[in-house]
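Assemble the whole structure, with the sequences as input and the hints as a guide.
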Amino acid sequence: MKFLYRLSILIIIAALTFYLIKFPIKTGIETIKSFENNPVRKATQTAEGDRFFRQLLNDKQKILYDEIYNSITNGEDKAVVKVYDIVENDIILSMDYIMYDNPEIFWVNFLDINYVVSNSGTEIEIDNIYSESEIKNMKEELDTVVADIISQMKSENITDEYDKASYLHDYLVGICDYDLTGTAKNAHNAYGSLVERTAVCDGYVHGYRLLLDAAEIESCFVVGEVAGQKGITPHAWSLVNFSGVFTFVDPTWNDIESHVISEIPQAKKIVSHAFFGMSDIEISKTHKIDENIADVIPQAKSNDWFVKNGYSAAKLDDFVENAAEALAKRASEGGEYTYFELSLTDQTEFRDFVEGIGGGVSNLIDKANEFLLNEETDIKINKEIYYFITNAEKGAVLIILSLSNG
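In terms of the numbering used here, the sequence shown opens at residue -6 and continues consecutively.
Everything labelled a hint here was simulated from the structure, so no lab data went into it.
Among the clues, some could well be false.
What the hints assert, rightly or not - Beta-carbon label-pair distances, calculated as ranges: (1) Asn285 - Thr341: 37 to 47 Å; (2) Asp136 - Ile274: 35 to 45 Å; (3) Gly349 - Leu104: 43 to 53 Å.
Unchecked claim - Straight-line Cα separation of at most 35 Å, DSBU-like style, residue types lysine-lysine; simulated pairs: (4) Lys129 - Lys223; (5) Lys308 - Lys281; (6) Lys376 - Lys262; (7) Lys262 - Lys308; (8) Lys262 - Lys301; (9) Lys147 - Lys71; (10) Lys55 - Lys129; (11) Lys373 - Lys360; (12) Lys322 - Lys132; (13) Lys322 - Lys262; (14) Lys147 - Lys294; (15) Lys294 - Lys308; (16) Lys301 - Lys376; (17) Lys360 - Lys322; (18) Lys281 - Lys132; (19) Lys223 - Lys301; (20) Lys55 - Lys71; (21) Lys178 - Lys147; (22) Lys55 - Lys262; (23) Lys157 - Lys281; (24) Lys301 - Lys360; (25) Lys294 - Lys278; (26) Lys71 - Lys223; (27) Lys157 - Lys129; (28) Lys178 - Lys129; (29) Lys223 - Lys376; (30) Lys360 - Lys308; (31) Lys308 - Lys53; (32) Lys55 - Lys132; (33) Lys178 - Lys75; (34) Lys376 - Lys360; (35) Lys147 - Lys53; (36) Lys132 - Lys75; (37) Lys157 - Lys147.
We put the beta carbon where it would ideally sit given N, CA and C, even for glycine.
Put into structure tokens, the structure is as follows:
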């Protein structure tokens, strides 16, 4: 028997909720599309740890999972399982969960599966898309890249768990291009995001998971749907455990490069944090977890990046000095462009800031230039705004600005 196995997460383009507004703004802030009446889930169990999804299987499915996993990691092209009452959904679920749990597996085609049921059990074909020698070499490449990234992180003396996760997130998003064409062979795995540096949502998540594993930070794969500019689309993101506090991180939606790289070459270095550290309530406005796992993955709490780093307040005046200093520090690195992020929790303040009322952006740039002047540098931040990227649901703003010397 042969069946075609399609994962809902394998998509060509994931929609982003960021809105790019070219200055001068004339029409105000666009409203982010969101799910209507999307209830906040309540987890009924809190399975966690290594191979999270395997824990959700029944005994028969666990046997399937283990036999298939062992065959894959041993480089075999088939798994023989001596369980006789297997149904098609058992195989699909086991394969699903092997992929979710094991980001290091990049060489198996999970789309097209053959299996045969006989008196001796169930024989499941494993479609290895690379040869044994290719897999060996690619594994070594991937391991080397991960080790190098972790080494760089350690060299910067980053010890806090949250800061580690933020560093690894920024590194991944900074090097990976979103596969807008849908032609990258490894776009859905960690090899694609970390070695070839081209991926789509699940590739980002697998790459991030592999880095977090290396840093000894627990995380798990989340699959579902998102409401974005292109309507409702399948998507994947991460659930990260910070010392027992789970929170959502979506590295794909924090990558803005695909929108502005054609006009701003440095956009590849720009990483958003609007979807870093979100609770169930916060993420439910734009993300809907697959109903098959919604009740079993741990409840997520807010662990907001903006709050954690001092870039969030009700009003700009509450932290303008801090924001200006951060902007100046980034601008001092040089180049043609710079950027900054902040979050304004007061919706009126947020709208006024984005629409230019009260001169909030101009005042922030003036204060940042004062910091630069005190550092005796020739770099100056121009009041030339290339892109204004907003997430109205969160009150988050990312602004890309041009720089000049002298």
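### Query
Is the straight-line distance between the alpha-carbon of Lys322 and that of Lys132 35 Å or less?
violated, 38 Å
### Query
Does the alpha-carbon distance linking Lys223 and Lys376 stay inside the 35 Å limit?
holds, 32 Å
### Given hint Lys129 paired with Lys55 - CA-CA distance at most 35 Å
holds, 27 Å
### Message
Does Lys308 sit within 35 Å of Lys360, going by the straight-line distance between their CA atoms?
### Response
holds, 16 Å
### Message
Please verify whether Lys129 and Lys223 have alpha carbons no more than 35 Å apart.
### Response
violated, 39 Å
### Query
Lys360 and Lys322: Cα distance at most 35 Å?
Between Lys360 and Lys322 the Cα gap is close to 12 Å, so the pair holds against 35 Å.
### Query
Is the Cα-Cα distance between Lys376 and Lys262 35 Å or less?
Measuring from Cα to Cα gives roughly 21 Å; hence the hint holds.
### Restraint check for Lys132 with Lys75, where alpha carbons must lie at most 35 Å apart
Holds, at roughly 30 Å.
### Query
If you draw a straight line from the CA of Lys178 to the CA of Lys75, is it 35 Å or shorter?
Status holds; Cα separation ~33 Å.
### Message
Just to be careful, I want the Cα atoms of Lys262 and Lys301 compared with a cutoff of 35 Å; is the pair within it?
### Response
holds, 21 Å
### Task
For the pair supplied as a hint, Lys308 and Lys281, confirm whether the alpha-carbon distance does not exceed 35 Å.
holds, 30 Å
### 35 Å limit on alpha-carbon distance, applied to hinted pair Lys262 and Lys308
Within the cut-off at roughly 28 Å; holds.
Of the hints listed earlier, those the structure fails to meet are numbers 4, 9, 12, 22, 26, 31, 35, in rising order.
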